[in-house]
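*Asks:* Here is what each chain is made of, one letter per residue.
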Amino acid sequence: MITAGIDVGAKSVKIVILKDGDVLEQAKTLVGFDVLKSAIGPFENALEKAGLSRNGIERVFATGMGREAVHDKPPINAEEVVSVVVADAKGAFHIVPTVKTVIDVGAEEGRGIKVGPAGIVKDFVINERCAAGAGTFVETMARALEVKVEDMGPLALKSTQTIPMNAQCCVFAESEVVTLIHSKVAKEDISRAIHDAIASRISSMVLRVGVEKDVVLIGGAALNPGFLPPLKKELNTEIIVPEYPEYVGALGTAIIASESEEG
Amino acid sequence: MAEMNTQEYWRWPEYRHTVLDKDWHNSKIITAGVDVGSVGSKAVVMLDGELYAYSAMRTGGVSEATAVKVMNWAIEETGLKLDDLHYVVGTGYGRVNVPFAKRTITEIACHARGAHYIYGPTVRTVLDIGGQDCKAIRCDERGKVLSFLMNDKCAAGTGRGLEVFADLVSVPIQDLGKVSLSVDEEPQPVSNTCVIFAKAESLALLRQGWPKERVAAAYHAAMADRIVDLLMRVGVEKDFVVTGGVAKNAGVIERVERLLSIKSLKPNIDPILAGSLGAALFAKALYEKQIGLR
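Those protein sequences? They're chains A and B, same order as listed. Taking my numbering, I'd label the letters of the first sequence as residues 1 to 263. Taking my numbering, I'd label the letters of the second sequence as residues 1001 to 1294.
This is chain B alone, in the form it adopts within the complex (with noise of 0.2 angstroms):
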């Protein structure tokens, strides 16, 4: 009997990480972030604003157990309580629903503080593709926004989109970027205007025979297509770097490098974490406020 092929591609691992040679008692203000996203959350925990603990898992049914768990599965090895957390601030699309967070901030200036802290203070444009939106945001040297464009209402261009796509081609969400470079010369793009006709466009080429090679490319190039639609409108100027779940994307970013004629920022920090790195850097300041260091 056939087995039924019951894997699912769009599930993007979970992973969680502690920083080992740091140790939280020698440290005067532990802080954390957390974001809680569309389609994935991530929690932060800061010593001094170093980075200490993470970790990254998909957002549940219910944006208060998941940001419970996210917070609780970063400090897991550490030691740490959630009492011990000096400041917790929350942001995301679920920002409101972080119980233990004092204060929540939202995503944009959460990204470019997040931006600013992993690739310094020469970045001014900050790509963020997140599960469920798209965000252009420009911003200082001292990563204060300054303006920003997002697309909300659209799957086009999103993670979740890419998700979709995943499972059409049966193609795990973290090999589909080296997949979609691995053609030799590039397709026309598939619609980019909304995921339901980039998927049945998708659909019939793969009738048609192409390899998935081709129509992952297809694909990818018409959410670079919709992504560079929406930098150019708030303006790109150097450095230009990327966060969120697609900056791991390289056929995403590649595209997007290309048309832009500009190369992004290489991460030495897992660039998911921006927001919840962002948000962690506010409880920091947040905290010597509250207790009168600033």
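Extracted from the complex, chain A is given alone in its bound form (with noise of 0.2 angstroms):
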């Protein structure tokens, strides 16, 4: 059987097209202005490459932020809309079968999914729209610093010495950071503090749903290295990351659409 799962997120589409269980194309782009729009590039791109066209998809199932967008909207018609964390969590537990905690960290949201036996959510908490706890605060920090985003994990890995940042809200500090530049900082050292403080804040959230081992990182967040340093020391625990981590969400969707009833 073949279906796809479609993840629109905050920042990006993203999109899996499965059968019998393997990955046969995945594709992904930014949001732009229109977001059903931005989702029927990719879509119809990883149709194209898998050799296949709507109808031979079976069913299309939708998650993310923007779901809505494509639930029943042609060209796509995405049959069903299903949560972000029940997604997560069946993805995870597809590619890591011993996974009990799901962390995903998005552009706009950061997760934390306790998972039970066949990728079943147990509990979870979200930490709604605080761009101190989810992708968008590195984005935020690396304007400030004047450094390119996909530049900040690698400079922060290259910091000699920890400085705290009091700060908890992104705009708040962002005014810590240009007071940190003011006073000399290295670069290194501002962009290792900003991870610590984003690894500090997304554990403290994981946290209360409590962290047992396998523990998964997804999303878009989890492609920063620099980030994986401070959040498996706060959490003192190894964390896998899958090959593609800002894929698990739709990987999940299509597998729910594959699992899912007739009708």
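Keep in mind the hints are simulated off the structure, nothing from the lab. Hints are supplied without guarantee of correctness; some may be wrong.
[What the hints assert, rightly or not] DSBU-like, lysine-lysine: derived pairs with alpha carbons at most 35 angstroms apart:
(1) Lys1248(B) with Lys1212(B)
(2) Lys1263(B) with Lys1022(B)
(3) Lys73(A) with Lys1212(B)
(4) Lys122(A) with Lys1153(B)
(5) Lys11(A) with Lys1153(B)
(6) Lys184(A) with Lys1069(B)
(7) Lys232(A) with Lys122(A)
(8) Lys184(A) with Lys1102(B)
Since we're looking at a predicted model, the values are computed, not measured.
Both chains are given apart, each in its own frame, so use the hints to dock them into the complex.
*Replies:* Structural data, given as structure tokens:
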């Protein structure tokens, strides 16, 4: 059976086409002004690469903050929408069957999920729309530091000392970063402080549902190498990062589509 | 060649004032209060418990330097010297950095005391919206704090958030409130949980072709929602008053009043001074105690 999962996130759309449990194609793009339009491009792209048409896909399900934009909307016509937390757990379980805790850090939201047998959600916690607990934090700080966002992680890894950041809000942290720049603190150390801050914020959220091994980190922030070391340290555990951490929600959605009853 | 727009819309004007019909030579007790806030610093001089001179300026990088500067600016035209002040109390976010202050007192106590002076003994609920925090304070007929709640970890619903927004829409911060009230119909508020997201949403609305006024209305409405949430948790009892820099933003205050169905009392004294006024009044009481008058 062929199904597709579309994850319409705050910043990017991810698409996974699944055949009998294996990924046929995956594609992603940034969300533009028109969310549906943004999703159509990579969707058709993935279909083409897989040599399929929309009719060749049995079911398309959608998840993510913007999932309603593709729900029953042609040409994508997602039949059903599923919650991000459920999709995340399912996708992470598919890749790491021993998973007990999923940490999903996207552009605008962070989530901690306790996963039960067969990838069901036992408990979860969300940091709703506070930039300090999500990927946007690093992006905003990158602007203040005048560093490309993809360079932030590698920069942090070069730091030789830890400096504390007091601000817990992105806007206040921005002022704090400017003060640090003026006090001639090295960009490497500021970048590390920024990653330490977001890791501490995420870990205190995740600790509310409890952390049990195996721990899997997914979402776009998992692509940032500067984020993993402080998060491991804060949670005092090993953390598994899948090869394509940003696609896990879409993957889980495609799996749910394949498992759903006809109708 | 096109000129780059370098205007800083967030920059609110600094000011000072002396009450000219008063002469400090005729007074018994001269006290001062310095409120070093995260965004603005305020200094007040009182003669026998009556407002005499004040100043308000932006807090610079070094709080100590700002504290000295704002105090000296307040007494600039009075002929007073720092040594002439009998007692100085520091308050606010940077209160430990007021080098010439004999004591520091929390801004919660000072704002309640200052609101009592500005608005009178009928005040029961004080909403203080400053640069970096928002406080809801319940107080008694003597201006004593009974309970309070504050939001100090998030910029949403604070003056700093408004500064960010002023730059986004290129409207001077002192005009923002008025501009936000010039809409015919109130739009849906933007996100009220985070300034970063509210800013991104506002930008998207501007790109969709929304006029500045309407986007400003959506932003102010979100701020008001958040502020009212805080107020409801501490409970609102009449009379209700607003202090701090954002008290001057009618767009926020009128929306808060609408949501609460309560009007706030209108001040005769600049409400940004509430904290420093409270500090100067505490300074008077402390000085009286020191010299054995109390």
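*Asks:* Would you list, in rising numerical order, the hints stated earlier that this structure does not obey?
*Replies:* none
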